[in-house]
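K.L.:
Hey, can you work out the whole structure from these sequences and the hints?
Protein chains: 2
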Amino acid sequence: MNLSSRTYAPINFADKLAKFADQWQPRVIAELNDYQFKIVRIEGDFIWHDHPETDEAFIVLEGTLRIDFREGSVTLGPGEMYVVPKGVEHKPFAASEVKMLLIEPAGTLNTGQAGGERTAASDVWI
Amino acid sequence: MNLSSRTYAPINFADKLAKFADQWQPRVIAELNDYQFKIVRIEGDFIWHDHPETDEAFIVLEGTLRIDFREGSVTLGPGEMYVVPKGVEHKPFAASEVKMLLIEPAGTLNTGQAGGERTAASDVWI
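Quick note, the sequences are listed as chains A and B, same order.
Here this note's numbering is used: the first residue of the first sequence is 1227, the next is one more, and so on.
Here this note's numbering is used: the first residue of the second sequence is 1227, the next is one more, and so on.
Some clues are possibly wrong.
Any copy, or any two copies together, can satisfy a pair, since identical chains are not distinguished.
Subject to a maximum C-alpha distance of 25 Å in a straight line, what follows is the list of computed SDA-like cross-link-like pairs (lysine to any residue) [said to hold, decoys possible]:
id, residue 1, residue 2
1, LYS1317, ALA1235
2, LYS1325, ASP1248
3, LYS1312, LYS1325
4, LYS1242, SER1299
For the record, the hints were derived by calculation from the structure and aren't laboratory data.
P.N.:
Written out as structure tokens, the structure reads:
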């Protein structure tokens, strides 16, 4: 349970996004059992990776997100979501900044099994 | 994994909502491991209930949702979310129709431990 739950305050996506400007660093805004809701700003290309242990949900708040797969891609706008199944290689791409919500188990790394220099801290709250 | 994942089609909330008009019957639109994303239209008062085994996430898409607790309430508009902790009694209320997204474990009943005539089927896909 997060502080917002105890104080009966809504969690407002725009308010949370206004608190930071850096890209590729997800911020946790809520927990649901052992899952977390994270907001993140991304722009440009990410790296190919997969999450061997978990599916990963993307909900776009602003902008246009393309998720590339080895054999195709899906493009999401505001009000759209997609679930990348566990073990499926994917690479997010945003031609201009995308603001989005991720839902995944606590501790899930942004780079999955790939690791490397693009790996962000996985439990930064805002 | 749902069909949309395999076909690389985004899941569009407005498109899914346009497929039904009845209230208080959640429809599953996506799965994330053993969790489900459900969309639902609600209007008026629900019943007091809790979910002894799980937290429950609400994201408002359209309208104004009030969630009453025994000692307070939280009001959510579009772009806002709230997580009701497991075991906490709550009662959703909407003065006019609210369209919202629920995220909770598959099999979670809308009436929780309370049961009764307002209990909806828990695994209706759209």
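K.L.:
Checking each numbered hint in turn, tell me which of them this model violates, lowest number first.
P.N.:
No numbers; nothing is violated.
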